[in-house]
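> Residues per chain are reported as follows:
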Amino acid sequence: MAQKTVEFALGRSPEMGVDGKPVMGPLAPVDISEPDIESDNMLVNIGPQHPATHGVLRLVCELDGETIVRCIPHIGYLHSSFEKLGEYRDWNQVVPLTDRMDYLAPLIYNIAYVMSVEAMMGIEVTERCKLTRVIMMELDRIFGHLLWVGTFAMDIGAFTPFLYTFEERETIYTLHEEYTGARITTSATRVGGMMSDMPEGWDQGVRDFANGLPNTLDEVELLLNENGLVLGRTQGIGAISGEDALNMGLTGANVRGSGISYDVRKDQPYYDYETYDFEIPIGEYGDCYDRYLVRMEEMRQSLRILHQALDRLKKADGPMDVDDPRISLPSKTDAMNDMESMIHHFKLITDGIRAPIGESYFPVEASKGELGMYVVSDGGTKPVRWRVRPPSFVNLAALPKLLEGHLLADLITINASIDIVLGEIDR
Amino acid sequence: MAEKKSSLDAVALGPSASADTAETPQPPPVTAPDHPSVAGLGAKFPDAILRHDIVAGNQHILFIPPDRNLEILQWLRDDPGQAYDLLRDVTAVDYGAGTPLQVVYQLFSLTHRRALSLKCELPLDALEIESVDSLWKAANWLEREVYDLFGITFLNHPDLRRILMPLDYAEGHPLRKDFPLRGRFTRAEQTRRALSQDLEHYYTEQELDLGGDSQALPPAGKETPEETGLEVVE
Numbered sequence: 001m002a003q004k005t006v007e008f009a010l011g012r013s014p015e016m017g018v019d020g021k022p023v024m025g026p027l028a029p030v031d032i033s034e035p036d037i038e039s040d041n042m043l044v045n046i047g048p049q050h051p052a053t054h055g056v057l058r059l060v061c062e063l064d065g066e067t068i069v070r071c072i073p074h075i076g077y078l079h080s081s082f083e084k085l086g087e088y089r090d091w092n093q094v095v096p097l098t099d100r101m102d103y104l105a106p107l108i109y110n111i112a113y114v115m116s117v118e119a120m121m122g123i124e125v126t127e128r129c130k131l132t133r134v135i136m137m138e139l140d141r142i143f144g145h146l147l148w149v150g151t152f153a154m155d156i157g158a159f160t161p162f163l164y165t166f167e168e169r170e171t172i173y174t175l176h177e178e179y180t181g182a183r184i185t186t187s188a189t190r191v192g193g194m195m196s197d198m199p200e201g202w203d204q205g206v207r208d209f210a211n212g213l214p215n216t217l218d219e220v221e222l223l224l225n226e227n228g229l230v231l232g233r234t235q236g237i238g239a240i241s242g243e244d245a246l247n248m249g250l251t252g253a254n255v256r257g258s259g260i261s262y263d264v265r266k267d268q269p270y271y272d273y274e275t276y277d278f279e280i281p282i283g284e285y286g287d288c289y290d291r292y293l294v295r296m297e298e299m300r301q302s303l304r305i306l307h308q309a310l311d312r313l314k315k316a317d318g319p320m321d322v323d324d325p326r327i328s329l330p331s332k333t334d335a336m337n338d339m340e341s342m343i344h345h346f347k348l349i350t351d352g353i354r355a356p357i358g359e360s361y362f363p364v365e366a367s368k369g370e371l372g373m374y375v376v377s378d379g380g381t382k383p384v385r386w387r388v389r390p391p392s393f394v395n396l397a398a399l400p401k402l403l404e405g406h407l408l409a410d411l412i413t414i415n416a417s418i419d420i421v422l423g424e425i426d427r
Numbered sequence: 428m429a430e431k432k433s434s435l436d437a438v439a440l441g442p443s444a445s446a447d448t449a450e451t452p453q454p455p456p457v458t459a460p461d462h463p464s465v466a467g468l469g470a471k472f473p474d475a476i477l478r479h480d481i482v483a484g485n486q487h488i489l490f491i492p493p494d495r496n497l498e499i500l501q502w503l504r505d506d507p508g509q510a511y512d513l514l515r516d517v518t519a520v521d522y523g524a525g526t527p528l529q530v531v532y533q534l535f536s537l538t539h540r541r542a543l544s545l546k547c548e549l550p551l552d553a554l555e556i557e558s559v560d561s562l563w564k565a566a567n568w569l570e571r572e573v574y575d576l577f578g579i580t581f582l583n584h585p586d587l588r589r590i591l592m593p594l595d596y597a598e599g600h601p602l603r604k605d606f607p608l609r610g611r612f613t614r615a616e617q618t619r620r621a622l623s624q625d626l627e628h629y630y631t632e633q634e635l636d637l638g639g640d641s642q643a644l645p646p647a648g649k650e651t652p653e654e655t656g657l658e659v660v661e
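Top to bottom, those sequences are chains A and B. For the first sequence, counting from 1, position 59 maps to 59 in this note's numbering; every step adds exactly one. For the second sequence, counting from 1, position 113 maps to 540 in this note's numbering; every step adds exactly one.
Hints are computed from structural coordinates only; laboratory data are not their basis. Keep in mind that the hints are not guaranteed to be accurate.
To list a few chain A residues with every Cβ distance to chain B over 12 Å, as calculated [stated by the list, open to error]:
#1 66
#2 100
#3 184
#4 197
#5 203
#6 204
#7 207
#8 251
#9 262
#10 267
#11 320
#12 338
Within a straight-line C-alpha distance of at most 20 Å, the following computed EDC-like cross-link-like pairs (lysine to aspartate or glutamate) qualify [to be verified]:
#13 604(B) - 557(B)
#14 315(A) - 167(A)
#15 546(B) - 324(A)
#16 315(A) - 200(A)
#17 130(A) - 351(A)
#18 546(B) - 557(B)
#19 314(A) - 200(A)
#20 315(A) - 124(A)
#21 84(A) - 605(B)
#22 266(A) - 512(B)
#23 84(A) - 378(A)
#24 347(A) - 324(A)
#25 604(B) - 66(A)
#26 401(A) - 90(A)
#27 84(A) - 494(B)
#28 401(A) - 461(B)
#29 546(B) - 494(B)
#30 546(B) - 634(B)
#31 347(A) - 90(A)
#32 130(A) - 267(A)
#33 130(A) - 200(A)
#34 471(B) - 461(B)
#35 401(A) - 494(B)
#36 401(A) - 178(A)
#37 604(B) - 200(A)
#38 604(B) - 64(A)
#39 130(A) - 378(A)
Note that beta-carbon positions come from the ideal geometry of N, C-alpha and C, so glycine has one too.
Just chain A, with the same shape it has in the complex (with noise of 0.2 Å):
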């Protein structure tokens, strides 16, 4: 095995100028035997334990000198197969996994899912649960951004927005726990409606967030959108067409960063998101720096969105679950004190919910991209098949392209921009 070797002359002494100041000749290599150095490129293994990959994500890239030529990323470290675990669970048992999956923005999973089911049910949920479910996926579209922009912030090296944005998602935690009793694994959501009410004074408690939120925006705001460091690693960095990126089926902020405005609220809309008012930004040159703004852009909108939603649901005090005996579950009251409404909770615990034959593929805007539920029954209280579409397995699916020229440092970054979640992106 023969080793390269270049050697530098290090020990000439200087000639002197004519001011009498010694010269310092530029170094050069002597005794070069093989004079193309540049030929060999280098195979550099990145992860799968790697805290800049944002999980057990391993690439292994193809180095000349220091620049990315080629980029393979290898994918299934946490793959637990959700999909065929939940053909063995009827269709209420199956909101638990979804939480699992992108655990930065578990509840935007768990009403997707149950939004699927209920289209291929047919059932229209009550006036209430759907402001519910909005207020639910806005607040987890500003976690998922806000953990977002914290760990792109520290990966590019400014640690203080890290600190900034996790208060505030302690505050989300908090109204997860408040409502759902759990921090990440929320599995609020039941087909026809959700696992409760919401607790006394919990809107009080988003609206207190909601108008706290835009401080934090703005010191996050000015301490990256002109900060020099910031501009110089991601300006011109990880551009892409919009053309390209909607070949490649990139969805959410970062086919939004090329300047293709395609937002699923807005182009498919549902639970009424054409009757509120907000606005989908885009960017204009497809590279990091405009993934970042997009994505700050859009917690305003969301909070644009929450105010909204939190107006209307002071009129709508209706009940949550829908009346259905076949699909809602009696009070606990009734199911404690009277025979038949204990009966028809055992049934509906045991048996399950039936779901007609049939299928329906549902997509919602989730925090990283289009997130589509495919549910397929053939009548009975199993999915015969549920399938996810990650939003953010797609979106990585753009990487090797994201790379292509760029230096190993500005792997970093490319791939914090795109936010991915590899709990998703495994399943």
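Place chain B on chain A using the hints.
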């Protein structure tokens, strides 16, 4: 005394079709207007629509012949009246009991704000279909996942290898209905295989080629130069 049944028996058998569907509720009534692409596709490819379903009230599904998927999808993408520029999803469905596997394409048109699902049915003895990677790059990983979990081969795919399961996974394709939940091998065999993997297991052939001699991996379980036999460069 009757044979003792364990609750794990059902797990070993695998998921089965729902037996009692007497109480099955009715699907929701169709509320959707006619889909323009269905008429357009029927006019352009007269015998290509094998079946037209409307599910969940307003979602249109077209069954097309699997050997013509590429030309039909290409037309749907390129025709200005259709302009399905986003491939949302490629997946497959197995109903079990020897029924054909279905490959499902979810398309969306940003121009017209329309969604359309297409299905191709593949009999179990001919699990091959043309890849649509040449039309949408998004199909690359999605088709790899279908190949990995269902065993459907996508012809002319640029990089068809397993994606979620290990590259040398020998137990089959996990999302098929005939695949038991705990895998085909015993737990002992699975553990033995997991512990006896050498380093080449973690790299693709492409990567091993690239590494070349200068970055050759030491054989499994050997680390010192005397054991590996690799030359040491001072």
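> So, for every hint listed, does it hold in this structure?
Hint by hint, here is what the structure shows:
Every CB of chain B is more than 12 Å from the CB of residue 66(A) (nearest about 17 Å), matching its label as outside the interface. For residue 100(A), the requirement that its beta carbon stay farther than 12 Å from each beta carbon of chain B is met, with the minimum near 16 Å. The Cβ of residue 184(A) lies farther than 12 Å from every Cβ of chain B, with a closest approach of about 23 Å, so its non-interface assignment holds. Listed as a non-interface residue, residue 197(A) keeps its Cβ farther than 12 Å from every Cβ of chain B; the least gap is roughly 26 Å.
For residue 203(A), the requirement that its beta carbon stay farther than 12 Å from each beta carbon of chain B is met, with the minimum near 31 Å. The beta carbon of residue 204(A) is kept farther than 12 Å from every beta carbon of chain B, the shortest such distance being approximately 36 Å. Every CB of chain B lies more than 12 Å from the CB of residue 207(A), the least distance being 33 Å, so the non-interface label holds. Its closest Cβ contact with chain B, about 8 Å, brings residue 251(A) to no more than 12 Å, contrary to its assignment away from the interface.
Under the 12 Å C-beta cut-off, the non-interface status given to residue 262(A) relative to chain B is violated; the minimum distance is some 6 Å. Not every CB of chain B is more than 12 Å from the CB of residue 267(A) (nearest about 5 Å), against its label as outside the interface. Taking the minimum C-beta to C-beta distance to chain B, about 21 Å, the non-interface status of residue 320(A) holds against the 12 Å cut. The Cβ of residue 338(A) lies farther than 12 Å from every Cβ of chain B, with a closest approach of about 23 Å, so its non-interface assignment holds.
Taking the CA atoms of residue 604(B) and residue 557(B), the gap is near 23 Å; set against the 20 Å cutoff, the hint is violated. Restraint check: the Cα-Cα separation between residue 315(A) and residue 167(A) comes to about 32 Å, which exceeds 20 Å; the hinted pair is violated. At roughly 33 Å between alpha-carbon atoms, residue 546(B) and residue 324(A) are farther apart than 20 Å, so this suggested pair is violated. Of the supplied pair hints, the one linking residue 315(A) and residue 200(A) holds, its CA atoms being roughly 16 Å apart against a limit of 20 Å.
As the CA atoms of residue 130(A) and residue 351(A) are separated by approximately 27 Å, the hinted pair breaks the 20 Å bound. Proposed proximity of residue 546(B) and residue 557(B) is supported: the alpha carbons are some 13 Å apart, at most 20 Å. Our distance criterion of 20 Å between C-alpha atoms is met by residue 314(A) and residue 200(A), whose separation comes to about 13 Å. As the CA atoms of residue 315(A) and residue 124(A) are separated by approximately 19 Å, the hinted pair is consistent with the 20 Å bound.
Distance hint between residue 84(A) and residue 605(B) is fulfilled; the C-alpha atoms sit about 12 Å from each other, no more than 20 Å. Taken as a hint, the residue 266(A) and residue 512(B) pair is honoured in the structure, with Cα atoms around 17 Å apart against an allowance of 20 Å. Annotation: proposed proximity of residue 84(A) to residue 378(A) holds, straight-line Cα distance about 16 Å (limit 20 Å). Between residue 347(A) and residue 324(A) the alpha-carbon distance is near 14 Å, which keeps this suggested pair within the 20 Å criterion.
Restraint check for residue 604(B) and residue 66(A): not satisfied, since their Cα atoms lie roughly 47 Å apart, outside the 20 Å limit. Distance check on the hinted pair: residue 401(A) and residue 90(A) sit about 40 Å apart at the alpha-carbon level, beyond 20 Å; violated. For the proposed pair residue 84(A) and residue 494(B), the alpha carbon gap of about 29 Å is over 20 Å, so the pair is violated. With a CA separation close to 39 Å, the supplied pair residue 401(A) and residue 461(B) exceeds the 20 Å bound.
Pair hint residue 546(B) plus residue 494(B) holds up; C-alpha atoms about 12 Å apart against a cutoff of 20 Å. Proposed proximity of residue 546(B) and residue 634(B) is contradicted: the alpha carbons are some 36 Å apart, above 20 Å. At roughly 13 Å between alpha-carbon atoms, residue 347(A) and residue 90(A) fall within 20 Å of each other, so this suggested pair holds. Between residue 130(A) and residue 267(A) the CA atoms are separated by roughly 19 Å; this keeps the pair inside 20 Å, and the hint holds.
A distance of roughly 18 Å separates the Cα atoms of residue 130(A) and residue 200(A); the hinted pair therefore holds under the 20 Å criterion. About 17 Å separates the Cα atoms of residue 471(B) and residue 461(B), which keeps this hinted pair within 20 Å; it holds. For the proposed pair residue 401(A) and residue 494(B), the alpha carbon gap of about 30 Å is over 20 Å, so the pair is violated. Restraint check for residue 401(A) and residue 178(A): not satisfied, since their Cα atoms lie roughly 43 Å apart, outside the 20 Å limit.
Between the alpha carbons of residue 604(B) and residue 200(A) the distance comes to roughly 46 Å, so the proposed pair goes past 20 Å and is violated. A C-alpha spacing of about 46 Å is found between residue 604(B) and residue 64(A), which places the hinted pair above 20 Å, so the restraint is violated. A C-alpha spacing of about 27 Å is found between residue 130(A) and residue 378(A), which places the hinted pair above 20 Å, so the restraint is violated.
Checked against the numbered hints given earlier, the structure breaks hints 8, 9, 10, 13, 14, 15, 17, 25, 26, 27, 28, 30, 35, 36, 37, 38 and 39 and satisfies all the rest.
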